[in-house]
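Q: Make the full structure from the sequences, and use the hints.
So the sequence lines, in the order shown, correspond to chains A and B. Using the UniProt record's numbering, you'd call the opening residue of the first sequence number 1 and step up by one each time. Using the UniProt record's numbering, you'd call the opening residue of the second sequence number 1 and step up by one each time.
One or more hints might be untrue.
[Said to hold, decoys possible] With a straight-line Cα cutoff of 25 Å, these simulated DSS-like cross-link-like pairs (lysine-lysine) come out: (1) A:Lys71 to B:Lys159; (2) B:Lys224 to B:Lys57; (3) B:Lys159 to A:Lys102; (4) B:Lys197 to B:Lys224; (5) B:Lys531 to B:Lys484; (6) B:Lys224 to A:Lys42; (7) A:Lys71 to B:Lys224; (8) B:Lys159 to B:Lys252; (9) A:Lys43 to B:Lys159; (10) A:Lys102 to B:Lys429; (11) A:Lys138 to A:Lys42; (12) B:Lys159 to A:Lys51; (13) B:Lys159 to B:Lys256; (14) A:Lys159 to A:Lys138; (15) B:Lys475 to B:Lys494; (16) A:Lys21 to A:Lys43; (17) B:Lys484 to B:Lys545; (18) B:Lys531 to B:Lys429; (19) B:Lys545 to B:Lys531; (20) A:Lys71 to B:Lys197; (21) A:Lys42 to B:Lys159; (22) A:Lys145 to A:Lys116; (23) B:Lys499 to B:Lys547; (24) B:Lys531 to B:Lys482; (25) A:Lys138 to A:Lys43; (26) B:Lys472 to B:Lys494; (27) A:Lys138 to A:Lys116.
Calculated directly from the structure, the hints in this document are not laboratory data. Because the structure is a prediction, the values reported are computed rather than measured.
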Amino acid sequence: MIQKKICILGASGVGKTSLIKQYVEGIFSEKYLTSIGVKIDKKIVDLSSEKVQLMIWDIEGIDRYCGFQAKYLRGASAFIIVTDRTRSQSLIEGNEIFNMAKEVADIPGILALNKKDLPTTWHWSDSELADIKHPFAKSFDTSAKSGEGVEEMFSYIAKILTE
Amino acid sequence: MTSSKQSQTQTSDSQQMEKIRQLVLGEDASLVKQTLKDNAREMVAEVFSEALHDREKNDGSVNKVLLPLVEKSVEKSVSNHSEQFVGYLYPLVGSLVRKSVTAFITDLLEKTNALIENSLTVKGLKWRFRAWRSNVPFSQYVASQTFSFRVEQVFLIHKETGLLLNSVSLNLGTAADADMVSSMLTAINDFVADSFKPNADSSEQQLDVVRTDDFTLVIKPGPKAAVVAAVTGNMPQHVADQLQVTLEDIHKLYDKELNNFNGDALTFENSENQLRDCLIAELKPEAEQTSKTPWMAWSVVFLLLCTITFLMAIRWQSVALKDQIELIDRQPGILITSLELNGLREINLNVLRDPSAIIIKDWLGSQNISLTHLNIKERAYLSLDPELIKHKVQIALGTFPNIQIQWQGMTPSFSGLLTNFDKLMLQNKLSGISGLNFIPSWLDGIVVNTDKTNAADDPNVIRAILDLNIAKIEKMSVAFEKGKSELSVTAIEKLISIKDQFNNLINLAEQQQISLGLVIMGATDTVGTPKFNQILSQKRADNVKLKLQELGISNNRLNAIGLGVIDLKTTNAGARKVLFNVVYFDAS
Numbered sequence: 001m002i003q004k005k006i007c008i009l010g011a012s013g014v015g016k017t018s019l020i021k022q023y024v025e026g027i028f029s030e031k032y033l034t035s036i037g038v039k040i041d042k043k044i045v046d047l048s049s050e051k052v053q054l055m056i057w058d059i060e061g062i063d064r065y066c067g068f069q070a071k072y073l074r075g076a077s078a079f080i081i082v083t084d085r086t087r088s089q090s091l092i093e094g095n096e097i098f099n100m101a102k103e104v105a106d107i108p109g110i111l112a113l114n115k116k117d118l119p120t121t122w123h124w125s126d127s128e129l130a131d132i133k134h135p136f137a138k139s140f141d142t143s144a145k146s147g148e149g150v151e152e153m154f155s156y157i158a159k160i161l162t163e
Numbered sequence: 001m002t003s004s005k006q007s008q009t010q011t012s013d014s015q016q017m018e019k020i021r022q023l024v025l026g027e028d029a030s031l032v033k034q035t036l037k038d039n040a041r042e043m044v045a046e047v048f049s050e051a052l053h054d055r056e057k058n059d060g061s062v063n064k065v066l067l068p069l070v071e072k073s074v075e076k077s078v079s080n081h082s083e084q085f086v087g088y089l090y091p092l093v094g095s096l097v098r099k100s101v102t103a104f105i106t107d108l109l110e111k112t113n114a115l116i117e118n119s120l121t122v123k124g125l126k127w128r129f130r131a132w133r134s135n136v137p138f139s140q141y142v143a144s145q146t147f148s149f150r151v152e153q154v155f156l157i158h159k160e161t162g163l164l165l166n167s168v169s170l171n172l173g174t175a176a177d178a179d180m181v182s183s184m185l186t187a188i189n190d191f192v193a194d195s196f197k198p199n200a201d202s203s204e205q206q207l208d209v210v211r212t213d214d215f216t217l218v219i220k221p222g223p224k225a226a227v228v229a230a231v232t233g234n235m236p237q238h239v240a241d242q243l244q245v246t247l248e249d250i251h252k253l254y255d256k257e258l259n260n261f262n263g264d265a266l267t268f269e270n271s272e273n274q275l276r277d278c279l280i281a282e283l284k285p286e287a288e289q290t291s292k293t294p295w296m297a298w299s300v301v302f303l304l305l306c307t308i309t310f311l312m313a314i315r316w317q318s319v320a321l322k323d324q325i326e327l328i329d330r331q332p333g334i335l336i337t338s339l340e341l342n343g344l345r346e347i348n349l350n351v352l353r354d355p356s357a358i359i360i361k362d363w364l365g366s367q368n369i370s371l372t373h374l375n376i377k378e379r380a381y382l383s384l385d386p387e388l389i390k391h392k393v394q395i396a397l398g399t400f401p402n403i404q405i406q407w408q409g410m411t412p413s414f415s416g417l418l419t420n421f422d423k424l425m426l427q428n429k430l431s432g433i434s435g436l437n438f439i440p441s442w443l444d445g446i447v448v449n450t451d452k453t454n455a456a457d458d459p460n461v462i463r464a465i466l467d468l469n470i471a472k473i474e475k476m477s478v479a480f481e482k483g484k485s486e487l488s489v490t491a492i493e494k495l496i497s498i499k500d501q502f503n504n505l506i507n508l509a510e511q512q513q514i515s516l517g518l519v520i521m522g523a524t525d526t527v528g529t530p531k532f533n534q535i536l537s538q539k540r541a542d543n544v545k546l547k548l549q550e551l552g553i554s555n556n557r558l559n560a561i562g563l564g565v566i567d568l569k570t571t572n573a574g575a576r577k578v579l580f581n582v583v584y585f586d587a588s
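A: Shown next as structure tokens:
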């Protein structure tokens, strides 16, 4: 079985951990996130041709006070940047994180526009949004509450990583 | 012009080259080919092994090609020379079987020993308690107590991605989350590298050893992969050395695979052999000593053998005792109905015993048989054993010391001197012995002593005895079923007794010149018509008469009368019976 390392990044409080919680196997407590800044989970995606084991590095929320741990991206095959549809700022921060990540690793980045279950309160126009989405390999509207978009996102990642 | 000249020169050059080539190499390089062919054997032989090795390494095709060929040739060889193969294999198979049996027994003994030691000994119980107190599985506690150190698990981790390439462990159960553990370990290592200043040579800080209460985590980082071992106990330096050697081996062997790693850990499947070299353990000195000779298991085996021998000895004794007791069956008047072993040493003996026969406990005592484990159940019966009858006669003669007896088969003849009364008494006793079938003529050899005046010979006394015996007969009756006249088994037994007593009376009476007769009176209850009852009572009396005749009482002395209904209000059962009355007349 092919294994791949992927990282989940995003500003603090966008719901990174909640987003994947129900969809992965994990043995480590969330307290690792605050102590060493990362927690590892596992997700096996069953593609029609083969199975792919994704080792998911859930990295602590990044903000202006907390530096970006570039080392955790080492050896990753892809990264997901999670943003919060109810906070405009999270998208800007997501974009910054994307640029930082791209500097250290030339790997596909996926955008997760989270909290789809809540009404959108940001005021990005469609063209602005399209501009932000542009550098990403793909974007998904997700909801940690209903689970919408999560499975599709992991399947997509598994697929592009095995092609 | 110049150019055309040039082209001409070129053409002739190439033609000349071709010619030279033909001269040197021959037509179609035949000279070279011939030379190669001539030396082909040596040339191929020189590189044959290496070429096979290289090709196999490249694409593994050599094995695929050779396998079916080898299989076929082995198959052919075995079928053609099976005798020879049997010859080759025979000594091998024998020693293999012996070896595997020995290994099995040794293993079993050692396991039993460990089990006993861990469960039954004070040390084992103490360990169990301590394991329970510290909330660790017992096996883990035993390992920690038995081994100086033990490498429990070894991971091979890809340096760049932190993905698990392979892992081996002593215990399958603990290997389940190895992939997540190895990623986490890489993350922690990254965390350490990020959190602390780089080394003086500007290389990153690396975790080397992580120690916890239960185990030590030894990390050997290499340029492309790391080997991590989880060790319990006090780890000596040579474990780290072994990890280093393994790490170097793996880098050497899997250099290309490590460089091109794309997430497929399957290519590192064979690294298990190298990693297994790291699963080393060392027993504590005292544990080593005990494991050399499994004396615990041996002592259990010895005890077991002793117990079996002891039990067999007891059983054997009981069986011998049973055989000895069986001989009691040969004693006259004793009949064994069942004799069986109950459990290990108890013996149940059920016997029928004639009251005149030897007392069973006396017999057992005379044979020196202990009664401790013997349960005797005795029931009385009447034996017709000739020996016992003779014995009974002997007892009857006990009170007549003047009488001698001689046996001819089962026929005795008595002789001696007796008074008339004593003779009658003897006659009475003898006729009472069942199975003897007393005949009065046996007493013909006895001389009656008439000289002695004896109160017992007084005719009045004899008459009184006669009356007493008559009263005995008259007291007897034979009962019948409702409306039936057939004789029951009990009735016949009674009639036999009546016959004996009556015949004895005849002899006694004849001596007193008295003639005896027996009146048989049939009766019925009140059910039915008087006519029917009359007939039924007569029938009953007739049947009894017929039976007594059969038994040997002369017809002249018997008279059967049907009385009809005896209507007595005092009896509920009615009078479905035959009654007797002895009548006598003076013969004169």
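Q: Under the constraints set out in the numbered hints, which ones does this structure not fulfil?
A: Hint check: 10, 18 fail, others pass.
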